[in-house]
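Residue numbers for the sequence shown follow the numbering used here, so the first one is 5 and each next one is one higher.
Honestly, I wouldn't trust all of these hints.
Taking lysine to aspartate or glutamate pairs in the DMTMM-like style, the calculated list, with each CA pair at most 25 Å apart, reads [said to hold, decoys possible]: (1) K39 - D7; (2) K39 - E29; (3) K40 - E29; (4) K39 - E20; (5) K38 - E25; (6) K30 - E20; (7) K38 - D7.
Okay, the calculated beta carbon distance ranges per label pair [claimed, not checked]: (8) K68 - S6: 53 to 63 Å; (9) S6 - D43: 15 to 25 Å; (10) E67 - K40: 47 to 57 Å.
Please keep in mind that the hints were generated in silico from the structure rather than gathered at the bench.
In this text the structure is predicted, and so the values were computed from the model without any measurement.
From the three backbone atoms N, C-alpha and C, an ideal C-beta is built for every residue, glycine too.
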Amino acid sequence: MSDIAYSYFNQLDNLELPDLEILAEKINTLIFYKKKTNDSSIENGLSFFNSIKGTVKREIDIEKVGDIYGI
5 MSDIAYSYFN
15 QLDNLELPDL
25 EILAEKINTL
35 IFYKKKTNDS
45 SIENGLSFFN
55 SIKGTVKREI
65 DIEKVGDIYG
75 I
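My request is simple: use the sequences and hints to build the entire structure.
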């Protein structure tokens, strides 16, 4: 945990229960938002690579393959 997180954590003991509950809800919302943002950026990156993946075309020379594998 970072120093700033420890600093905030140490101050939480002074809060009343209703304030802690509100803070917990806001923290959970923030965590969900950050995870969702990260997941969508990964998904966008993967979709980019999937879109370019099929752009390379290779022709197979049957005679060369046969020579290599003794077919």
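Which hints from the list above does the structure break, by number from lowest to highest? Checked against the structure, the only hint that fails is number 4, while the rest are satisfied.
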